[in-house]
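Enquirer: Letter by letter, the chains look like this.
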Amino acid sequence: MSGATTLFDKLWQAHVVRSLGENLDLLHVDRHLIHDLSGARALTELQERGLAVRNPELCMAMPDHSVSSQPGRTLASSPFGERLGGGLRKMAEAAGIPFFGLEHPNQGIVHVVGPETGFTLPGSLLVCGDSHTSTHGALGALAWGIGSSEVVHVLATQTVRQRRPQSMRITINGELGEGVEAKDVILHIIGQLGVAAGTGHAVEYAGTTIAALGIEARMTICNLSIEFGARMGMIAPDQTTFEYLQGRPLAPKGAAWDRAVEYWRGLRSDDGAVFDREVTFAAAEIAPQVTWGTSPGQTLAVTGSIPTPDSFVEAEQRNNTEVALEYMGLSGGQSIAGTRIDRVFIGSCTNSRLSDLRRAARVAQGRNVASHVTAWVVPGSVQVKQAAEAEGLDEIFLAAGFEWREPGCAQCVATNGETVAPGERCVSTSNRNFVGRQGPKARTHLAGPAMAAAAAIAGEITDVRSFPPLGEAQ
Amino acid sequence: MEKLQLLQGVAAPLPRANIDTDIITPAKRLLDANRETMHEHTFEPLRFLADGSENPDFILNKPGYRDAVILITGRNFGCGSSRETAVWGLLGLGIRCVIAESFGDIFFNNCFQNSVLPIRLPAETIAELLAEAGDDQGNMQFQVDVASRTLTTPSGRSITFDLTADRQTALLEGLDEVGQTLKEDAATTAFQAQDRTARPWIYDLGTVD
Ligand code: SF4
Chain A
177 MSGATTLFDK LWQAHVVRSL GENLDLLHVD RHLIHDLSGA RALTELQERG LAVRNPELCM
237 AMPDHSVSSQ PGRTLASSPF GERLGGGLRK MAEAAGIPFF GLEHPNQGIV HVVGPETGFT
297 LPGSLLVCGD SHTSTHGALG ALAWGIGSSE VVHVLATQTV RQRRPQSMRI TINGELGEGV
357 EAKDVILHII GQLGVAAGTG HAVEYAGTTI AALGIEARMT ICNLSIEFGA RMGMIAPDQT
417 TFEYLQGRPL APKGAAWDRA VEYWRGLRSD DGAVFDREVT FAAAEIAPQV TWGTSPGQTL
477 AVTGSIPTPD SFVEAEQRNN TEVALEYMGL SGGQSIAGTR IDRVFIGSCT NSRLSDLRRA
537 ARVAQGRNVA SHVTAWVVPG SVQVKQAAEA EGLDEIFLAA GFEWREPGCA QCVATNGETV
597 APGERCVSTS NRNFVGRQGP KARTHLAGPA MAAAAAIAGE ITDVRSFPPL GEAQ
Chain B
1023 MEKLQLLQGV AAPLPRANID TDIITPAKRL LDANRETMHE HTFEPLRFLA DGSENPDFIL
1083 NKPGYRDAVI LITGRNFGCG SSRETAVWGL LGLGIRCVIA ESFGDIFFNN CFQNSVLPIR
1143 LPAETIAELL AEAGDDQGNM QFQVDVASRT LTTPSGRSIT FDLTADRQTA LLEGLDEVGQ
1203 TLKEDAATTA FQAQDRTARP WIYDLGTVD
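In order, the protein sequence lines correspond to chains A and B. Just so you know, this note's numbering puts 307 at position 131 of the first sequence, and the rest follows in order with no gaps. Just so you know, this note's numbering puts 1223 at position 201 of the second sequence, and the rest follows in order with no gaps.
Bound conformation, chain A alone:
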């Protein structure tokens, strides 16, 4: 390897246990997150094969996908909560894996809890049987989602077999406009590049726009990497990262902290490092986004008009547009703003952290949810929920007519039964607007938390920039 190396190269190289040839390496897994949807099954399979969990102390397990978000919930409040969440508890405890059940002050969505406990660290290799594991790259971790056979492999061997992907750098420079947030940045990028542009690539996000973002906003960006095909997204750790991590329960302390920070400071792409692909965006060009179709790439500025099938040259795209418009119950040419909605979901591993809830609360304060809209706020973890309540965000939401619910994936994927009804239109801060994602025939519009709050109040898709703060919320 030549002198100048990328962040990705450094992270990868530090974890090679053995090279298996043909670009394939056996890599050490530093951190393994386990959730209810596949956890119990994987642990059972391991047991059936007569194998033990090799390093339970490097794992962390919690129920998030299947649990109800209803206030006062128990595992029994959702159809599969007891089987999946209860099953995971039994298996995890037997294996000696730290487990955060519903009663635990650290329960939440795996991708929220990992960073906020300090389980996720810069320079660590982290995997989870969930595609949005790319989220953790925001702290400078090498993180990606694996399939359920691979989960069994990691449990048994504490390693993962992985082919080295190509490298890609997305640089975003400049200051974001008023009302524009991280979600808009990444939706804009996906819209411009297309949903397969990152396939086979590990993506590093860089530039002055990224450097100015807080860690939670960076997580939103890395979270959606998978939506343009990239399995890993990452951002070099910097002072913002270290400040975020210092004092978190599982982060190193004292002398170990100092040593770790010194090591972490070296985790950046060297000047002159060469990427297989480079793309650049200007922050000033990005407007608040909302998706109109059934793929995250089908996005537009909230001021824009829905495309007509004819506006595409390629037959395939014309066809895709037609199918998406039909599913979404929209017609090409009409402006997206003003589309009447039925539901709002503020939550998911993309946008359920304290800063997300603060931005939504700033819009909600002193206003009321439209009478025909059901609007939910689902904090990403018990820690987020408690912090939000400590600053009164719950009261702002409740006063405005939002429901304030319990942590979990909830309506992002609705495997807990909390579906959006057929034909209903939902503005959601989650990451997937696929056909049927929020329930059969549910119509999903992805947007950031402030845009979602504004839509709840207007009762239709609307430009958040016409909702100046009325109150004192931060």
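Any given hint might turn out to be false.
[Unchecked claim] Once the Cα atoms are required to be at most 20 Å apart in a straight line, the calculated EDC-like pairs of lysine to aspartate or glutamate come out as:
hint	chain 1	residue 1	chain 2	residue 2
1	B	K1025	B	E1154
2	A	K617	B	D1217
3	B	K1050	A	E258
4	B	K1025	B	E1058
5	B	K1084	B	D1073
6	A	K186	A	E600
7	B	K1084	B	E1154
8	A	K617	B	D1073
9	A	K186	A	D452
10	A	K429	B	D1226
11	A	K429	A	E419
12	A	K266	A	E224
13	A	K429	B	D1231
14	A	K186	A	D201
15	A	K186	A	E438
16	A	K186	A	D414
17	A	K266	A	E221
18	A	K186	B	D1167
19	B	K1050	A	E600
20	B	K1050	B	E1066
21	A	K186	A	D446
22	B	K1205	A	D201
23	B	K1205	B	D1188
24	A	K617	B	D1231
25	B	K1050	B	E1076
26	A	K266	A	E279
27	B	K1025	B	D1184
28	B	K1025	B	D1198
29	A	K429	B	D1217
30	A	K429	A	E233
[Unchecked claim] Which stretches of chain A does chain B cover? Using the computed rule of at least three CB atoms under 8 Å from a CB of chain B, they are:
hint	region
31	369-379
32	608-617
No lab work stands behind these hints: they were computed from the structure. Each residue gets a CB set at the ideal place from its N, CA and C atoms; glycine is no exception.
Given chain A's structure and the hints, the job is docking chain B with the ligand onto it.
Expert: Below, chain B with the ligand alone, put in the same frame as chain A:
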């Protein structure tokens, strides 16, 4: 894992791009997921009509294509969620090989964990294969030979595809990755011993309580 050496049979054309794993396995079916029954719901939004009856227009419901062993489809097949149930479902339907211009990364990997062969071919070749597969109510026989990495079409055309040697061996011999890696356990132990001095904070986690 089952071996995959020589595959012979009908190929079903499904010319549509970006078929995500939510289409292959709808989320609501994940909770009940098991390898044996997953295929009952595979492609549910395309395969069945609103009343639960079969959609006669869906290729795998058409006479001649019901026993297809190969699927030829549009680019970016299997994008989206990491759910391995998507592969189980295909397997349950009898599909052992998927041919597309490109695949979702995780899906691509998951295929090899389940003895399903994903083949990437250029767009022009896919277009030709789709035409051949759609020609004759599905009576056309395709053949995939893993040992020689060749696909033979009904017209006798022979196409070579990429497959790394380790994956080829695993398919041919039905090798399981967990078993293979467990043999390397000494290397992992050595790695951890050394790494513990370089990055002690990785191994000495505190507790949250
Ligand atoms: S919040 Fe949604 S995307 Fe995130 S882990 Fe849960 S189900 Fe997956």
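Enquirer: Now look at each hint and say whether the structure bears it out.
Expert: We went through each hint and held it up to the structure:
1. B:K1025 x B:E1154: Violated, at about 27 Å.
2. A:K617 x B:D1217: Distance ~50 Å between K617 of chain A and D1217 of chain B Cα, so the pair is violated.
3. B:K1050 x A:E258: Within the cut-off at roughly 16 Å; holds.
4. B:K1025 x B:E1058: It holds: about 18 Å lies between the C-alpha atoms, which stays within 20 Å.
5. B:K1084 x B:D1073: Holds - the C-alpha atoms of D1073 of chain B and K1084 of chain B are around 18 Å apart, at most 20 Å.
6. A:K186 x A:E600: violated (47 Å)
7. B:K1084 x B:E1154: holds (16 Å)
8. A:K617 x B:D1073: It holds: about 13 Å lies between the C-alpha atoms, which stays within 20 Å.
9. A:K186 x A:D452: Satisfied, since the Cα-Cα distance of roughly 16 Å is no more than 20 Å.
10. A:K429 x B:D1226: holds (10 Å)
11. A:K429 x A:E419: holds (13 Å)
12. A:K266 x A:E224: Given pair K266 of chain A, E224 of chain A holds - Cα atoms ~15 Å apart, limit 20 Å.
13. A:K429 x B:D1231: holds (15 Å)
14. A:K186 x A:D201: Holds. K186 of chain A to D201 of chain A sits at ~14 Å (cutoff 20 Å).
15. A:K186 x A:E438: holds (15 Å)
16. A:K186 x A:D414: holds (16 Å)
17. A:K266 x A:E221: holds (14 Å)
18. A:K186 x B:D1167: Violated: K186 of chain A and D1167 of chain B sit about 39 Å apart, past 20 Å.
19. B:K1050 x A:E600: Given pair K1050 of chain B, E600 of chain A holds - Cα atoms ~17 Å apart, limit 20 Å.
20. B:K1050 x B:E1066: holds (11 Å)
21. A:K186 x A:D446: holds (10 Å)
22. B:K1205 x A:D201: This hinted pair holds, its Cα atoms lying about 15 Å apart.
23. B:K1205 x B:D1188: holds (16 Å)
24. A:K617 x B:D1231: violated (43 Å)
25. B:K1050 x B:E1076: holds (19 Å)
26. A:K266 x A:E279: holds (15 Å)
27. B:K1025 x B:D1184: Within the cut-off at roughly 18 Å; holds.
28. B:K1025 x B:D1198: holds (10 Å)
29. A:K429 x B:D1217: At roughly 18 Å apart (the allowed maximum being 20 Å), D1217 of chain B and K429 of chain A satisfy the hint.
30. A:K429 x A:E233: It holds: about 18 Å lies between the C-alpha atoms, which stays within 20 Å.
31. 369-379: holds (count 4)
32. 608-617: With 7 residues close enough to chain B, the hint holds.
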